[in-house]
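Put chain B on the given structure of chain A with help from the hints.
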Amino acid sequence: MFSVLQKTVRPIQAARGVHQSAVKILKHPAPEDTVTASFGQFISEIKPQHLSPVVLQRSKRMVLDSIGVGLIGSTTDVFDLALQHCQHMYAPDFISSVYGRSNVRLSPTLAAFVNGVATHSMDFDDTWHPATHPSGAVLPAVLALSDMMPASRKPSGLDFLLAFNVGIEIQGRLMRFSNEARNIPKRFHPPTVVGPMGSAAACARLLSLDSSQCSHALAIAASLAGAPMANAATQSKPLHIGNASRLGLEAALLASRGLEASPLVLDAVAGVAGFSAFYEDYKPQPLDSPHDGHAFLLEEQDMGFKRFPAHLGMHWVADAAASVHKLLVGVGPGKISPDQVQDILLRVPLSKYINRPFPESEHEARHSFQFNACSALLDGEVTVQSFTPGAIRRPELHALLSRVRLEHPHDNPANFNLMYGEVQVTLVGGDLLKGRCDTFYGHWRNPLTNESLRKKFRNNAEVVLPSAKVERLIEAVDELDRLDECQDLLSQLQ
Amino acid sequence: MNSHSRGLNGGLAATSCSTLEMQMHIGFSAGRSWKRAIFNIMSPTPEETVTASFGKFISKVKPQHLSSVVLHRSKRMVLDSIGVGLIGSTTEVFEMVLQHCKHMYGHDNICSVYGKRGIKLSPTLAAFVNGVATHSMDFDDTWHPATHPSGAVLPAVLALSDMMPASRKPSGLDFLLAFNVGIEIQGHLMRFSNEARNIPKRFHPPTVVGPMGSAAACARLLSLDSSQCSHALAIAASLAGAPMANAATQSKPLHIGNASRLGLEAALLASRGLEASPLVLDAVAGVAGFSAFYEDYKPQPLDSPHNGHAFLLEEQDMGFKRFPAHLGMHWVADAAASVHKLLVGIGPGKISPDQVQDILLRVPLSKYINRPFPESEHEARHSFQFNACSALLDGEVTVQSFTPGAISRPELHALLSRVRLEHPHDNPANFNLMYGEVQVTLVGGDILKGRCDTFYGHWRNPLTNESLRKKFRNNAEVVLPSAKVERLIEAVDELDRLDDCQDLLSQLQ
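These protein sequence lines are chains A and B, in that order.
Mind the numbering: the first sequence is residues 757 to 1250 in the working numbering, read in order.
Mind the numbering: the second sequence is residues 249 to 757 in the working numbering, read in order.
Don't read these hints as lab results, they were simulated from the structure.
Ideal Cβ positions, reconstructed from N, Cα and C, are used throughout, including at glycine.
Treat the hints with care, since some could be wrong.
Keeping only pairs whose Cα atoms sit at most 27 Å apart, straight-line, the calculated DSSO-like set for lysine-lysine is [as the list claims (entries may be wrong)]:
(1) Lys-1225/A to Lys-1108/A
(2) Lys-449/B to Lys-942/A
(3) Lys-732/B to Lys-1039/A
Ranges between beta-carbon positions, derived for each pair [as the list claims (entries may be wrong)]:
(4) Gly-366/B to His-844/A: 45 to 51 Å
(5) Ser-754/B to Pro-804/A: 34 to 40 Å
(6) Arg-1013/A to Ile-695/B: 45 to 51 Å
(7) Pro-804/A to Ser-656/B: 40 to 46 Å
Per the computed footprint, the stretches of chain B lying under chain A, defined by three or more beta-carbons under 8 Å from a beta-carbon of chain A, are [to be verified]:
(8) 381-388
(9) 564-576
Here chain A stands alone, though its shape is the one from the complex:
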């Protein structure tokens, strides 16, 4: 049957236009119409012209923010640990740059790893809806791969941005396969489920793999996905993003060598789990072939950027508590004393993960409603410095912490699109001061202005880079879609 079709196909190919689509249908019968194949096809066929101005703008903001948090993240202990490990356990390989470390380069997958660790090391990186930290899983891999390519064949800034956006888009699409993705994760840490897939997709795009190889890159990555939630809010959490970036890149590289895995990895196959293994409910949807007007998810759903390095949920209570601080400062001697405070009530969503009355480590503090509310109450804001060991151990902070109680109103679900934070402080005199935040500044409903985003970037980047480089980075990212070569970007990262 197949050889008969092939004979009829040849004469038709001579005619153009109308007939060509008919030819395509004859040559590609139903077996290709799997969800998995549709993703592979999308990744291989997407082009820069499919990026709208909104998506270009939003993704450039993400690239800038991600680099900035990666740069300040390069000052953390866990980053150092990961870097030492890579430098000692592998031979020197001067290929891909490492954030903030001049003259340090590593093999591509190792650079993706340590830069991913840096990016997530302070929980300062971007958050999307449904919830994951998309950029840290993708950008380090795309950077490492770009560094790997020969000087004469570096990707253009637009190729770079396209690959980056593919990595984000694929993550967004995959999260929509399950309702579970909208709830608090119980089993697997979302960046470890969709992150490797996004990284593999971005790298497959940058390597210009064909559609079958792109599908296999996703399938190979699926075998490296999925880390349990218990390791989140531990020192290992940043490795979740580091590994997502590294292992996705590795998957794409192996696919480029011809390695194959399941051609049905994204499809729902009874009795044999593929990517569905990570979810309780799973309804995959094919991706349309890219065409002019294909709307990237980023067009409909903007990114949330953090103003301080803590879990996104902390930003609501911090903003609410900051407004109470303003009231108190207005009322009193200009500085908050715990003696003034009798009781602090937080009305927040129910989530064990971010309910920590007395956090003992920096990681726990970044995941504590109580800590962030009290810090903001005391200081008027939460900043990078709020999480230093000295700041964490302040007796006045501890005094406030001991006065906190939580309520979980039914109308306050643990969902980044719907939650709010309320802080109600009862003063010793009996006065009641209330603050409420429905949408913190930096949330996708109330996005950071470009000025605020650059201010965050400068604060972060200047910890490790000289101002001149910091400004050149801002420029390079701003013009990224117009750069002939992304080298201008790559050369400023350390």
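Using the frame of chain A, we list chain B on its own:
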């Protein structure tokens, strides 16, 4: 240590802790029972989590805890695993990952690669490629509950041993202890869930317990303390778990390769002080740890090792394969081989598909190994139909049965088209309980039957040492000269008596 001297100087506030520490200092000279009493007071229940018990076991177990049965059985596993790794180094998928490692990383002359003279890689990369080799032909050992334990552990232990300086190589006994720890941990983890006894639906078992076993073995070999051992397991858990859909694809060998590599990596990171969840193995409501990989999960603490601690390997021996295919294939192959013998007795000495009207296989229900017309080597290794027909045709299934030429034989295809499957209720998909029946109806009307309850190589009917060595020689001689092959057999045989495992390490390529 610091705080107890402070206590003596009377410096700090008199908390109950410093009082105890003062007593401990006094107790030190008074003998061991005193010390143990103090130690019990100082270590309250929070330490007795399942996770901590595993960390404690790994850090405290010693060579003397290995019984002679366990030593013997594990040496057989080491030999078999090396052999299948050596022949596995001739596969395409191995070549692919080896090239990947050579090109994507700096040149590093540290750890040997199976069967490739002169090629060495960084430790985790060597563990990776050697693990891929080990599983590349589905020829490696299988345990009950089902997993392929050795391939996840041995490559990592070998790589780590290669990494250690010449003056401080582990003794053969240290090596064997680490290896057995890696096996033991996998066995205990699988017993946390009833799901482990059924056909896996979600995660491929070697990817769930394999990294944990590798991390445990490496933590043991690195002599990490009990807290670091726990953290090694926790770090490994974040790297565990690959979906079943990728099994029976060309990627499957990477499941074992990655288990070995990522477990080693976890132990190395733990040795640098990286920490992860101290409750990773425990059942914590609402926050999944290792439980994320299972539907039902009931963890049990491990007893502190003591003289007489029984390793699981003592109670449950390993299954070794006689040919490179899924374990389930061995039942139908043996059953079909007995029918072949009958046929050969009757007829012209060679089986012709024309003689055969119908082939009925009575086998467990399992989609994973039910493939009527396998198209690739990987599919053929996972096909009841293919293995039964190959054995019917040739009298046995061997390494050569899976070459492209053998797979595409028209006479084999003719037999395949005559096969149908039945799934009797008394034939569960469980390696401890299943059987295989082959019923051939000849054109004349005669019916020939073969049945296998326990194939030769199963833990109930273990390969003799001679058969195991024969398999090893067949495998190893594909890539190594005979002299090396014999030296390897000797080195493994005396492994528990070798001062230095270098004698083993130097023969692998």
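Lys-1225/A and Lys-1108/A: Cα distance at most 27 Å?
Violated, because 42 Å separates the two Cα atoms, which is more than 27 Å.
Is it true that the CA of Lys-732/B sits at most 27 Å from the CA of Lys-1039/A?
Violated, at roughly 54 Å.
Status of the given 34 to 40 Å range, CB of Pro-804/A versus CB of Ser-754/B:
The hinted range 34 to 40 Å is violated for Ser-754/B and Pro-804/A, with Cβ atoms some 54 Å apart.
Can the suggested window of 40 to 46 Å be confirmed for the beta-carbon pair Pro-804/A and Ser-656/B?
For Pro-804/A and Ser-656/B the Cβ distance comes to about 45 Å; the hint holds.
Holds or violated: the 45 to 51 Å window for the beta-carbon distance between Arg-1013/A and Ile-695/B?
With a Cβ separation near 50 Å, Arg-1013/A and Ile-695/B satisfy 45 to 51 Å, so the hint holds.
Test coverage of the segment 381-388 of chain B by chain A using CB-CB distances below 8 Å; three residues minimum.
violated (count 0)
Cut-off 8 Å, C-beta pairs, minimum 3 residues; does the coverage of the segment 564-576 of chain B by chain A stand?
It is violated, with 0 qualifying residues against the three required.
Hint says 45 to 51 Å; check whether the CB-CB distance for Gly-366/B and His-844/A agrees.
Violated, at about 24 Å.
Hint check: Lys-449/B vs Lys-942/A, CA-CA at most 27 Å. Holds or violated?
holds (20 Å)
Of the hints listed earlier, those the structure fails to meet are numbers 1, 3, 4, 5, 8, 9, in rising order.
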